[in-house]
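2 protein chains.
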Amino acid sequence: MTDTTIKTAAMLAIGDELLSGRTKDKNIGHLAEVLTLSGIDLKEVRIVGDEEDEIVAALNALRTRYTYVFTSGGIGPTHDDITADAVSKAFGVPCLHDGEAMRLLGEMYARRNMEFTEARQRMARMPEGSRHIPNPVSVAPGFVIGNVHVMAGVPQVFQAMLDSVVATLPAGARVLSRSIPCPFGEGDIGTLLGAVQKAHPQTSIGSYPHFDGKRFSTELVVRARDGVALEAAAQAIVAMVETLAAERESARTRDLGTGELA
Amino acid sequence: MTDTTIKTAAMLAIGDELLSGRTKDKNIGHLAEVLTLSGIDLKEVRIVGDEEDEIVAALNALRTRYTYVFTSGGIGPTHDDITADAVSKAFGVPCLHDGEAMRLLGEMYARRNMEFTEARQRMARMPEGSRHIPNPVSVAPGFVIGNVHVMAGVPQVFQAMLDSVVATLPAGARVLSRSIPCPFGEGDIGTLLGAVQKAHPQTSIGSYPHFDGKRFSTELVVRARDGVALEAAAQAIVAMVETLAAERESARTRDLGTGELA
Numbered sequence: 001m002t003d004t005t006i007k008t009a010a011m012l013a014i015g016d017e018l019l020s021g022r023t024k025d026k027n028i029g030h031l032a033e034v035l036t037l038s039g040i041d042l043k044e045v046r047i048v049g050d051e052e053d054e055i056v057a058a059l060n061a062l063r064t065r066y067t068y069v070f071t072s073g074g075i076g077p078t079h080d081d082i083t084a085d086a087v088s089k090a091f092g093v094p095c096l097h098d099g100e101a102m103r104l105l106g107e108m109y110a111r112r113n114m115e116f117t118e119a120r121q122r123m124a125r126m127p128e129g130s131r132h133i134p135n136p137v138s139v140a141p142g143f144v145i146g147n148v149h150v151m152a153g154v155p156q157v158f159q160a161m162l163d164s165v166v167a168t169l170p171a172g173a174r175v176l177s178r179s180i181p182c183p184f185g186e187g188d189i190g191t192l193l194g195a196v197q198k199a200h201p202q203t204s205i206g207s208y209p210h211f212d213g214k215r216f217s218t219e220l221v222v223r224a225r226d227g228v229a230l231e232a233a234a235q236a237i238v239a240m241v242e243t244l245a246a247e248r249e250s251a252r253t254r255d256l257g258t259g260e261l262a
Numbered sequence: 001m002t003d004t005t006i007k008t009a010a011m012l013a014i015g016d017e018l019l020s021g022r023t024k025d026k027n028i029g030h031l032a033e034v035l036t037l038s039g040i041d042l043k044e045v046r047i048v049g050d051e052e053d054e055i056v057a058a059l060n061a062l063r064t065r066y067t068y069v070f071t072s073g074g075i076g077p078t079h080d081d082i083t084a085d086a087v088s089k090a091f092g093v094p095c096l097h098d099g100e101a102m103r104l105l106g107e108m109y110a111r112r113n114m115e116f117t118e119a120r121q122r123m124a125r126m127p128e129g130s131r132h133i134p135n136p137v138s139v140a141p142g143f144v145i146g147n148v149h150v151m152a153g154v155p156q157v158f159q160a161m162l163d164s165v166v167a168t169l170p171a172g173a174r175v176l177s178r179s180i181p182c183p184f185g186e187g188d189i190g191t192l193l194g195a196v197q198k199a200h201p202q203t204s205i206g207s208y209p210h211f212d213g214k215r216f217s218t219e220l221v222v223r224a225r226d227g228v229a230l231e232a233a234a235q236a237i238v239a240m241v242e243t244l245a246a247e248r249e250s251a252r253t254r255d256l257g258t259g260e261l262a
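As you go down the protein sequences, you meet chains L and Z in turn.
End of the first sequence = 262 in full-length UniProt numbering, gap-free, step of one.
End of the second sequence = 262 in full-length UniProt numbering, gap-free, step of one.
For the record, the hints were derived by calculation from the structure and aren't laboratory data.
Any given hint could turn out to be false.
These stretches of chain Z come out as covered by chain L in the derived footprint (C-beta under 8 Å, 3 or more residues) [unchecked claim]:
| hint | region |
| --- | --- |
| 1 | 192 to 203 |
| 2 | 233 to 241 |
With a Cα cut of at most 25 Å, we get these calculated BS3-like pairs of lysine-lysine [unchecked claim]:
| hint | chain 1 | residue 1 | chain 2 | residue 2 |
| --- | --- | --- | --- | --- |
| 3 | Z | Lys89 | L | Lys214 |
| 4 | Z | Lys198 | Z | Lys43 |
| 5 | L | Lys214 | L | Lys198 |
| 6 | L | Lys24 | Z | Lys26 |
| 7 | Z | Lys89 | L | Lys24 |
| 8 | L | Lys26 | Z | Lys43 |
| 9 | Z | Lys26 | L | Lys26 |
| 10 | L | Lys24 | L | Lys43 |
| 11 | Z | Lys43 | Z | Lys26 |
| 12 | Z | Lys24 | L | Lys24 |
| 13 | L | Lys89 | Z | Lys198 |
| 14 | L | Lys7 | L | Lys24 |
| 15 | Z | Lys43 | L | Lys89 |
| 16 | L | Lys43 | Z | Lys26 |
| 17 | Z | Lys89 | L | Lys43 |
| 18 | L | Lys7 | Z | Lys89 |
| 19 | L | Lys26 | Z | Lys89 |
| 20 | Z | Lys43 | L | Lys43 |
| 21 | L | Lys43 | Z | Lys24 |
The beta carbon of each residue, even a glycine, is placed where N, CA and C say it ideally should be.
If we strip away everything but chain L, and leave its shape as in the complex, we get:
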């Protein structure tokens, strides 16, 4: 079922390693793509380190402002994995060993003949009242509390968790888009394109320059939830590109003419 109200989202990526440059984040771009396909607008991303106060403050700022919050990182077994504690603190509830998570993890380590250490048991901790997010890759679950979805930082696990989360969210009204190739650089089209954007306020028009080593061209992308508004803006852009091309061709012919006379 499609929900026609607009859903917004923020992401909070957690981990010192993202801020030291040791690890390059791969989850932000993936989340952005998946949410766009689901009709949910990602509005803001924050990255903070493994510091409880920072995580709590960022989480409280984001969860009160957007429909959904998605976090990555900090739910492993070591001392720097403090996301479950920070999320509990943000919601003002205790962080407890979850019975079902203890059972799932205990069974897995028993199957593997590995000890279910105190450190490994940390991965079963979550804020009281959370629901699980299943982890088909390495068992230790993520969790949902309120509008906050807490997932692992390892990209394969993050992606698997996100797949099951997204399946449970009502799809929003999808943003439609049209992409129009343009043989001119941004400096040639900027003013005209700004006028088209102004005349079509229901749409969002982006321009993405490309340089092939010899000359600039541009990909123009119109986005809108309303198909009629999208089509009107797209036609205005196509007309703009054709007019510019005709002007260039006429200038070129004129120059050639002058050349012959010279």
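Based on these hints, arrange chain Z on the given structure of chain L.
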């Protein structure tokens, strides 16, 4: 000259395309690496879209809190390039066509026989009182106002601008690090490692799991500004790994012994 006070930084990446998933950010990880090498602690990153109020709010939150702020994106020639306006608004100063930037850009377009259009002239706009950040790739300068460094979003240009910015900042006290390979997974070492961290509060110890398809191992990284504290924590970790390895070996031998008796 090395400044011994600790310098902090935040990054603000600007652009709808980062939030829609159309473009995968490449600047955050690069900035993180460069700042780490310069002894500047990157503490927070935010990504916002091309919306003036969002940019102004994020910038004012970050610039009052950290020693430096670095932005990427939104300084091109099209209508969605609004970073110069937003930064001006955040600082409460007018956004003007800078004379020197107009000259640099005007000369470049004249050399290329290209028209210096109104759209291209937008790239010369910056908050009154800004200093240039040179752009050796495509001429249009970035700018510095207060503690805020405004750079392009295109990674080649961002990187070139950052190189010249970093050269002007006083180097902070470098964070030293030692990396210790560990043949055990996080679940095996988590509790012991937490105790080592507690005993060495001047250091920051991170653990980075690796799975080779058969078994988990871990890379343990200690970071500290003080070399003596670093060495003490590193030795405690090496001792921890050796003790665990000896215990495993002794358990293995015992199991083999039991096997022979059975």
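Do the hints match the structure? See the list:
Only residues whose beta carbon comes within less than 8 Å of a beta carbon in chain L count, and the region 192 to 203 of chain Z has 4; three or more means the coverage holds. Counting residues of the region 233 to 241 of chain Z whose beta carbon lies closer than 8 Å to any beta carbon of chain L gives 0, which falls short of the minimum of three for the stated coverage. Simply put, Lys89 of chain Z and Lys214 of chain L have alpha-carbon atoms about 37 Å apart, too far for the 25 Å limit, and the pair is violated. Between Lys198 of chain Z and Lys43 of chain Z the alpha-carbon distance is near 22 Å, which keeps this suggested pair within the 25 Å criterion.
A threshold of 25 Å between alpha carbons decides the hint, and for Lys214 of chain L with Lys198 of chain L the separation of about 31 Å lies outside it, so the pair is violated. Between Lys24 of chain L and Lys26 of chain Z the CA atoms are separated by roughly 9 Å; this keeps the pair inside 25 Å, and the hint holds. For a cut-off of 25 Å, the pair hint linking Lys89 of chain Z to Lys24 of chain L is broken: about 32 Å separates their Cα positions. Between Lys26 of chain L and Lys43 of chain Z the alpha-carbon distance is near 19 Å, which keeps this suggested pair within the 25 Å criterion.
For the hint linking Lys26 of chain Z to Lys26 of chain L, the alpha-carbon distance of about 10 Å falls within 25 Å, and the restraint holds. With a C-alpha separation of about 21 Å, the suggested pairing of Lys24 of chain L with Lys43 of chain L holds against the 25 Å cut-off. A hinted pair counts as satisfied when its Cα atoms are at most 25 Å apart, and Lys43 of chain Z with Lys26 of chain Z qualifies at roughly 18 Å. Under the criterion of a C-alpha separation no larger than 25 Å, the hint pairing Lys24 of chain Z with Lys24 of chain L is consistent with the structure, at around 11 Å.
Annotation: proposed proximity of Lys89 of chain L to Lys198 of chain Z holds, straight-line Cα distance about 21 Å (limit 25 Å). Distance check on the hinted pair: Lys7 of chain L and Lys24 of chain L sit about 28 Å apart at the alpha-carbon level, beyond 25 Å; violated. Between Lys43 of chain Z and Lys89 of chain L the alpha-carbon distance is near 21 Å, which keeps this suggested pair within the 25 Å criterion. Of the supplied pair hints, the one linking Lys43 of chain L and Lys26 of chain Z holds, its CA atoms being roughly 19 Å apart against a limit of 25 Å.
Of the supplied pair hints, the one linking Lys89 of chain Z and Lys43 of chain L holds, its CA atoms being roughly 21 Å apart against a limit of 25 Å. Simply put, Lys7 of chain L and Lys89 of chain Z have alpha-carbon atoms about 29 Å apart, too far for the 25 Å limit, and the pair is violated. For the suggested pair Lys26 of chain L and Lys89 of chain Z, the alpha carbons sit about 33 Å apart, so the restraint of at most 25 Å is broken. For the hint pairing Lys43 of chain Z with Lys43 of chain L, the CA-to-CA distance comes to about 21 Å; that is within 25 Å, so the pair holds.
At roughly 15 Å between alpha-carbon atoms, Lys43 of chain L and Lys24 of chain Z fall within 25 Å of each other, so this suggested pair holds.
The structure does not agree with the numbered hints 2, 3, 5, 7, 14, 18 and 19 stated previously, though it agrees with the rest.
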